[in-house]
Amino acid sequence: MSLGQIAAHIDGKADGDPSLVICGVASFDEASSDELTFASGAKFLNRLHSSPAGAVVAPLNAPAGAKPLIRVENPALAFARAAWLFVEKPPVTGIAKSAVIADDFVCGKDPSIGPGVVIGKGVKAGDCIRIGPNTVIGDNVRLGDGVCLNANVTIYHGCILGSRVIVHSGTVIGADGFGYASDGLTLFKIPQTGIVQIGDDVEIGANNTIDRATFGKTLVGSGVKTDNLVHIAHNVIVGENAVLIAQAGVSGSTKIGRNAVLGGQAGIAGHLEIGDFAFVGPQSGIAKDVEAGAVVSGSPAMPHRLWLKVSRIISNLPQLRQQIGQMSKRLDALEEKADANNM
Amino acid sequence: MSLGQIAAHIDGKADGDPSLVICGVASFDEASSDELTFASGAKFLNRLHSSPAGAVVAPLNAPAGAKPLIRVENPALAFARAAWLFVEKPPVTGIAKSAVIADDFVCGKDPSIGPGVVIGKGVKAGDCIRIGPNTVIGDNVRLGDGVCLNANVTIYHGCILGSRVIVHSGTVIGADGFGYASDGLTLFKIPQTGIVQIGDDVEIGANNTIDRATFGKTLVGSGVKTDNLVHIAHNVIVGENAVLIAQAGVSGSTKIGRNAVLGGQAGIAGHLEIGDFAFVGPQSGIAKDVEAGAVVSGSPAMPHRLWLKVSRIISNLPQLRQQIGQMSKRLDALEEKADANNM
Amino acid sequence: MSLGQIAAHIDGKADGDPSLVICGVASFDEASSDELTFASGAKFLNRLHSSPAGAVVAPLNAPAGAKPLIRVENPALAFARAAWLFVEKPPVTGIAKSAVIADDFVCGKDPSIGPGVVIGKGVKAGDCIRIGPNTVIGDNVRLGDGVCLNANVTIYHGCILGSRVIVHSGTVIGADGFGYASDGLTLFKIPQTGIVQIGDDVEIGANNTIDRATFGKTLVGSGVKTDNLVHIAHNVIVGENAVLIAQAGVSGSTKIGRNAVLGGQAGIAGHLEIGDFAFVGPQSGIAKDVEAGAVVSGSPAMPHRLWLKVSRIISNLPQLRQQIGQMSKRLDALEEKADANNM
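Chains X, C and Y are the protein sequences, given in the same order. For the first sequence, the numbering used here gives the first residue as 1105, with consecutive numbering after it. For the second sequence, the numbering used here gives the first residue as 1105, with consecutive numbering after it. For the third sequence, the numbering used here gives the first residue as 1105, with consecutive numbering after it.
A couple of the hints might just be wrong.
Since the list can't tell identical chains apart, any single copy or any two copies may satisfy a pair.
Said to hold, decoys possible - Okay, derived cross-link-like pairs now, PhoX-like style, lysine-lysine, Cα gap no bigger than 25 Å in a straight line:
#1 Lys1321 with Lys1228
#2 Lys1147 with Lys1193
#3 Lys1228 with Lys1433
#4 Lys1413 with Lys1201
#5 Lys1359 with Lys1193
#6 Lys1413 with Lys1392
#7 Lys1193 with Lys1293
#8 Lys1117 with Lys1293
#9 Lys1117 with Lys1413
#10 Lys1441 with Lys1117
#11 Lys1147 with Lys1321
#12 Lys1359 with Lys1228
#13 Lys1171 with Lys1359
#14 Lys1225 with Lys1441
#15 Lys1147 with Lys1293
Treat the hints as calculated values from the structure; they're not laboratory data.
Just chain X, with the same shape it has in the complex (with noise of 0.2 Å):
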């Protein structure tokens, strides 16, 4: 393709010869001269000189002359659409022989079904899905237009994902939430007779899981984004556009916001809210509801300013209690003065 070309494609504006061939993308330090690579910050614009790239996703007013550029608003975003351009699109293989499918199967047109997926009762799924190598689908789930579930997955019987959802391997949505009654000793298992519902261009990591709700729905919002190995307990809400980190943990009935990032490791108490916008720092643990557009941090969280602070005093915790034993030593020396003074 020519930097021509793709300039138009992500809406840029190509400063250096638009007839020059770009054939891939590669990251600033390891692009050949035929590749495009990107600069945002100062830290790369500086240097653009230096990359081997061929043409540069850059922003406005990036500096001229040192590399053919393509400028535009958001370098990271345009560059991001630029990259698939360069990425193959996966051919429509059709269902294969090995799959094992219910004969009431509704599916929409070219689907790429892979060996040994097994689909049970009642499943209807839109157009162009592609279905990974032994995953399995349980009794009367939905699946939306151009969902790709990977090998290995797992959706239990009556999810329903959105469209265009993504879902990496080992995986598992709709287990059964963690919910028994006690008679003091043993537990009883409660039925969970509710579903995991997921919105629409969500892309779950790898070996997540997230449970079914005890009655009702778990409910992952549109535009969500989980790393690997999360766990989402059941009758949880993932707010849309949220962002959960690897290994994060949200614990049953909580609410986590629109837009709310959870760093990795982070867990949260159940039945909380977390606000729209709301930052959770890694390995943080929430006990109580975060307001919206909050940032903390620690276990227990507070504001993350203060999580700084508090962090930097924590590891002079011993120069501290040297200095108070010292205090006290002061202190024992003027009472004994003072009682003198008095006698």
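Using the hints provided, position chains C and Y relative to the given structure of chain X.
For chains C and Y alone, kept in the frame of chain X given last:
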């Protein structure tokens, strides 16, 4: 079913028209007028009239008049039992054609074995087992009556599961323990020749890992329940009815007492003993033994009441440091005065 | 096997009847009289007579007389080597009929490929590979000699595994890295066009996730061992012989030095460098580089010795605060006296 029939089934007393027809169960605020719900705390008992439910499972002393009630001693437990009345029993499906099962498989009556299931040599199973699609069972595994393995579960060779054990998808039972001998630079694998043995009425969540013993057995006692993404290392012993919440991890050779509870993301070091009925808070880090009945929190863990105090002080450390700074200045001033007086 | 034969195999010296017959290996306290065990620390060497074992692998300077011994320099390592003598080599099973393998599969001698395995196009494998049931191998994957993938493993397209790599069940290698470009509200997926490359003699535990690189490679060096539920993000480099304990997580583009150890549930932020031979304690949170050979703990992490001090002070914070309160009162009293004196 009628209110009277349900009351009889759950050993309760109908307070209202026993012929009232109930078609299902649901949560307090979302039930319909032909559904049953339950109420236990004052929070719900004080607003019985506000539930749209047709009838309510309630404590013996619940206020009369607002709704048809079923009075019981333990409403949560009784409701869970009632809920099962409305869960359709899955049909017995026999053995799927595409399952690959060794010739010497010994199996009780009424198995349901899904497509793509692989069962190794020398496996013995009880009555009424249910094996989900694409689950893999290694050589010489033993499965008790009524065992339910969901789709995409892996049981390594030689492991033993008791009766009515439920295992959710993606869980791996019996992978090699993490055991190596070091020459100082590289690690040499120690063969892991033990097994995992699981008691009766255990439920294991999705994407758990329970490792086989180096020698002997990793033991999971009867009645244990684990949430999702839980890790149990080689040679661990989990006592009866213990509860392991999501993402908890237990290191090698540790013993968890019966009815102990490990909170979400809690981590237990190796070769420890967690006492019976102990409670380990979420995200706790346990580096030494925990006494029976103790409630501990924090990382490193301490008694929970102490942790509550400590964690409040932690977020006040900046003020505490300021106070110490001011006290130091006050000391300076007093010492100066004292010196002046002495002169 | 005879004691003498075993001694010869593990480069040790039999101290006792070399014709003694040994039928297996077991732990110190549970071995039978025809089994071999080992003892390294004083704790076991002082009670050699109390082990029911028939013979003991022991250090060169172990006390004589209590038991037949095999004296070696490194008893744990020598014992591990001896243990393998009693592990039956699994038979070569060939390729299962129900495996679905692309026509162009290139494979060395003596493969064992289980039922339900799916192998994509362009895959090349060395000699003596073992692939467990229902494992899925994407297009263009490379597997070295002696690779062992257990059941239900997923290897995405293009990934490269060296010789003798062992992967446990449920593990996902090569899923997309967690990379998105934001327009401020929604996230746009960046294509993840890199791969995962794994060296020789690596063992990956169960339910791990190792993501492919955005561009280039996520690298796992030779000799690395990972426990269960470990997360390794895109573009991470794990140095040779590093050890990642259960539930540890490493964020994108971080470099783990060779022979480094990450404790259980430790979390490492992105774009960091953990030095060679560094040791990161369990549950630690690493937000900046760690020097080679450093031992760090805590979240945020600090030198381990400091962390030991700090964590003792943390649980004494209530007393410390009380002491500060008392000192403040003593200051009040002194200031009052001083004021009275001045008047």
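Now the hints, each set against the structure:
1. Lys1321 with Lys1228: The answer is within: 19 Å in one copy meets 25 Å, while 38 Å across copies does not.
2. Lys1147 with Lys1193: Answer is neither; intra-copy 34 Å and inter-copy 56 Å both fail.
3. Lys1228 with Lys1433: neither (78 Å within a copy, 74 Å between copies)
4. Lys1413 with Lys1201: Classified as neither: same-chain Cα gap 61 Å, cross-chain 63 Å, threshold 25 Å.
5. Lys1359 with Lys1193: neither (36 Å within a copy, 32 Å between copies)
6. Lys1413 with Lys1392: both (21 Å within a copy, 16 Å between copies)
7. Lys1193 with Lys1293: This pair counts as between: shortest inter-copy Cα distance 15 Å, intra-copy 46 Å.
8. Lys1117 with Lys1293: between (62 Å within a copy, 22 Å between copies)
9. Lys1117 with Lys1413: Classified as neither: same-chain Cα gap 45 Å, cross-chain 59 Å, threshold 25 Å.
10. Lys1441 with Lys1117: Neither: 81 Å inside a chain and 74 Å across chains, both beyond 25 Å.
11. Lys1147 with Lys1321: Between. Shortest inter-copy distance 23 Å satisfies the 25 Å Cα cut-off; intra-copy 46 Å does not.
12. Lys1359 with Lys1228: Classified as neither: same-chain Cα gap 29 Å, cross-chain 45 Å, threshold 25 Å.
13. Lys1171 with Lys1359: neither (48 Å within a copy, 30 Å between copies)
14. Lys1225 with Lys1441: neither (90 Å within a copy, 88 Å between copies)
15. Lys1147 with Lys1293: Between copies, since 24 Å is at most 25 Å while 56 Å is not.
Taken one by one, the earlier hints fail for this structure at numbers 2, 3, 4, 5, 9, 10, 12, 13, 14, listed in ascending order.
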